[in-house]
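Participant: Assemble the whole structure, with the sequences as input and the hints as a guide.
Number of protein chains: 2
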Amino acid sequence: MERDGTSGISVGELGERGVLARVLAELGPAERASLGPGDDCAVLAVDGELVVTSDTMIEGPDFRLAWHDGFALGWKLAATNLSDVAAMGARPTALTVALAVPHETPVSFLAQIAEGLDAACRALAPGCGVVGGDLGRAPVVSAAVTALGELGGRDAVTRSGARAGDVIAYAGELGLAGLGLSLLFAESADPDGTAHARGVPALWERHPEALAAQLAPAPPIPLGTAAARAGARAMMDVSDSLSIDAERMARASGIAIALESALLETAFGSQDGAEVPLAAMLTGGEDHGLLAAFPPEIELPVGFHRIGEALALPVPPPAGGAATLLLDGARLEPRGWDPFTVRLPGA
Amino acid sequence: MERDGTSGISVGELGERGVLARVLAELGPAERASLGPGDDCAVLAVDGELVVTSDTMIEGPDFRLAWHDGFALGWKLAATNLSDVAAMGARPTALTVALAVPHETPVSFLAQIAEGLDAACRALAPGCGVVGGDLGRAPVVSAAVTALGELGGRDAVTRSGARAGDVIAYAGELGLAGLGLSLLFAESADPDGTAHARGVPALWERHPEALAAQLAPAPPIPLGTAAARAGARAMMDVSDSLSIDAERMARASGIAIALESALLETAFGSQDGAEVPLAAMLTGGEDHGLLAAFPPEIELPVGFHRIGEALALPVPPPAGGAATLLLDGARLEPRGWDPFTVRLPGA
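Line by line, the protein sequences give chains A and B.
If you read the first sequence in UniProt numbering, its first letter stands for residue 1, the second for the next number, and so on.
If you read the second sequence in UniProt numbering, its first letter stands for residue 1, the second for the next number, and so on.
In short, the hints are calculated from the structure, not lab data.
From the three backbone atoms N, C-alpha and C, an ideal C-beta is built for every residue, glycine too.
Careful: at least some of the hints might be erroneous.
Derived CB-CB ranges, DEER-like [what the hints assert, rightly or not]:
| # | chain 1 | residue 1 | chain 2 | residue 2 | range |
| --- | --- | --- | --- | --- | --- |
| 1 | B | ASP47 | A | PRO296 | 37 to 47 Å |
| 2 | A | ARG229 | B | GLU13 | 39 to 49 Å |
| 3 | B | PRO201 | A | PHE185 | 40 to 50 Å |
| 4 | B | PRO208 | A | ARG251 | 30 to 40 Å |
| 5 | B | ASP47 | A | GLY303 | 48 to 58 Å |
| 6 | B | PRO208 | A | ARG229 | 51 to 61 Å |
| 7 | B | PRO102 | A | ARG17 | 26 to 36 Å |
Facilitator: Laid out in structure tokens, this is it:
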């Protein structure tokens with residue numbers, strides 16, 4: 001992104017009202033909204049109970065402008081929040097977006113973010129759209145998205161409903177996003193970890209799947225309601241890593257989750273033509289696929305792959321006792337992403 | 001706020017999970033939530049249509065830690081969003097909060113923010129509570145709040161429904177918050193505008209009303225549904241200034257708004273014992289009271305004060321023609337707050 005104004009007028013030059021008009025022009029309607037942006041609130045119809053989730057992405061720790069253009073950033077903001085809605089078994093209906101940016105940010109960059117948000121809604125969750133938001137000033141690009149969805153009369157699928165004997169299944173890309181981040185740090189960052197854009201075009205050429213998964217992920221949103229209808233007992237979005245989030249589901253449900261490497265490798269060893277090692281699947285993070293527990297007698301919805309099973313506690317030897325996460329029968333230590341304890345170069 | 005760790009453990013030391021546990025302990029339940037924080041989404045019941053709004057507050061342009069402690073910041077975050085919900089004629093039911101803070105921020109500061117959010121919900125909008133959120137890293141304290149409310153079967157009151165002949169009325173504090181900001185810049189900031197905490201206790205002693213209005217405002221949230229039930233035709237939250245927001249309502253409704261200084265001075269010249277000049281009422285900003293248009297035959301709900309009337313366009317001479325905002329019959333230029341064009345010292 002250019003912030004020097006050569007690529008166009010900045011938000012500081014145009015002022016809030018003008019920027020909003022430019023940004024709103026990029027946004028299509030949301031099917032369930034009877035009133036969209038422009039008033040104090042948007043107004044939405046809701047069928048059944050409502051689900052709601054919020055997420056922040058901050059330039060530096062969460063993304064780097066050398067790698068992300070505005071469109072990809074908007075797309076990723078939408079996709080990562082839509083997947084939280086899908087993980088409850090709900091249908092996403094609306095997003096609100098609070099953006100705060102430096103004074104010198106080009107207005108065109110904000111318009112690209114809006115385009116990316118809108119395109120992701122149309123592609124991943126048709127009928128959903130941006131219904132409102134806010135624009136402010138910050139020292140770095142800061143975005144907070146809230147996603148809303150409706151349950152259509154069904155109960156929400158939480159992370160705490162898995163029972164011993166359930167099939168553990170996963171839908172979506174797995175490990176690719178983490179590989180993409182590793183590749184970007186290896187080939188598009190200075191030795192001190194500062195991101196630059198020089199290596200990015202070559203990486204897109206050589207590793208399009210991993211870069212797309214990292215920069216503009218496409219989680220399987222409609223599979224959230226499909227899993228709920230099929231009878232999923234527990235479900236969650238895998239954002240920090242499969243091992244961390246499977247362990248969370250196990251603890252919340254009071255069971256252990258036993259993953260099988262053979263199942264993981266068969267289903268996810270090759271994704272869109274890219275080879276993905278087992279370690280990347282377990283620890284990569286930012287996958288935003290759906291991890292679910294289904295009763296064993298249920299046929300998995302198309303798109304879900306069996307990757308293990310739920311065991312009663314305590315787990316028998318050799319893993320034994322209080323282990324809540326296993327791989328091929330041995331205790332597995334969860335590893336992945338914590339924004340406050342993981343020290344990323346350049347962050 | 002101390003960020004050097006002497007006042008306690010930092011978020012970087014404790015890690016995301018520990019911080020969340022500490023913060024969630026401060027939050028009471030929301031009446032309409034069947035599932036609160038801890039899963040991918042919260043789950044809410046909704047009576048009638050849903051209203052939703054988002055707002056960001058960033059350290060620097062929007063608040064200064066020398067003036068705001070965590071509790072006041074949390075309180076203001078809640079209050080300013082609740083007033084947007086009230087302005088639609090809706091009852092606030094839930095907030096989500098996305099916070100991003102520097103690594104070295106004390107965990108106790110985040111716990112105070114949560115306490116302030118919770119206390120404001122209980123005081124201003126009983127039954128409403130924080131149902132979810134997100135915690136991330138940022139170079140400065142960055143907060144985005146989304147507020148949800150329900151219309152209980154009524155239509156939303158927008159800013160575009162005022163008609164010629166309507167009574168224009170206002171409820172809440174007016175001009176005090178802007179006075180508070182001016183006092184803080186005059187007595188608790190260095191000559192270059194950098195905020196410091198030294199003058200703050202003396203200001204609280206001498207100008208408690210203005211400081212409270214600026215740092216921890218208490219908008220009249222229940223008057224939103226009261227106005228809707230009474231038949232308000234248009235309503236909005238006054239956030240940028242009475243003159244700016246009245247002009248917005250006039251434009252959206254296709255009428256002119258004629259304010260009367262005598263009515264403003266009678267109703268708002270002395271608030272909680274503080275003298276408020278007319279200029280502060282018109283241009284102060286951050287009032288978060290409710291501006292509404294009522295049909296002339298309706299008795300105003302208690303708490304609303306008549307401040308003017310809606311006129312048909314074009315406005316007759318001497319103001320004449322396309323003027324959409326008048327004071328005592330003369331054209332009034334809207335003035336107030338735009339985060340990108342107003343250059344505050346220290347921002």
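Participant: Taking the hints in turn, state whether each one holds.
Facilitator: Evaluation of the provided hints:
1. Judged by the Cβ atoms, the range 37 to 47 Å given for ASP47 of chain B and PRO296 of chain A holds: they are separated by roughly 39 Å.
2. Under the hint 39 to 49 Å, the C-beta atoms of ARG229 of chain A and GLU13 of chain B, about 44 Å apart, fit the expected range.
3. Checked against the given bound of 40 to 50 Å, the beta carbons of PRO201 of chain B and PHE185 of chain A, roughly 48 Å apart, stay inside it.
4. At roughly 48 Å, the beta-carbon separation of PRO208 of chain B and ARG251 of chain A lies outside the given 30 to 40 Å, and the hint is violated.
5. Here the CB-CB span from ASP47 of chain B to GLY303 of chain A is close to 35 Å, at odds with the stated 48 to 58 Å.
6. For PRO208 of chain B and ARG229 of chain A, the Cβ-Cβ distance of about 57 Å falls inside the hinted range of 51 to 61 Å, so the restraint holds.
7. Roughly 32 Å separates the CB atoms of PRO102 of chain B and ARG17 of chain A, a value that falls within the hinted 26 to 36 Å.
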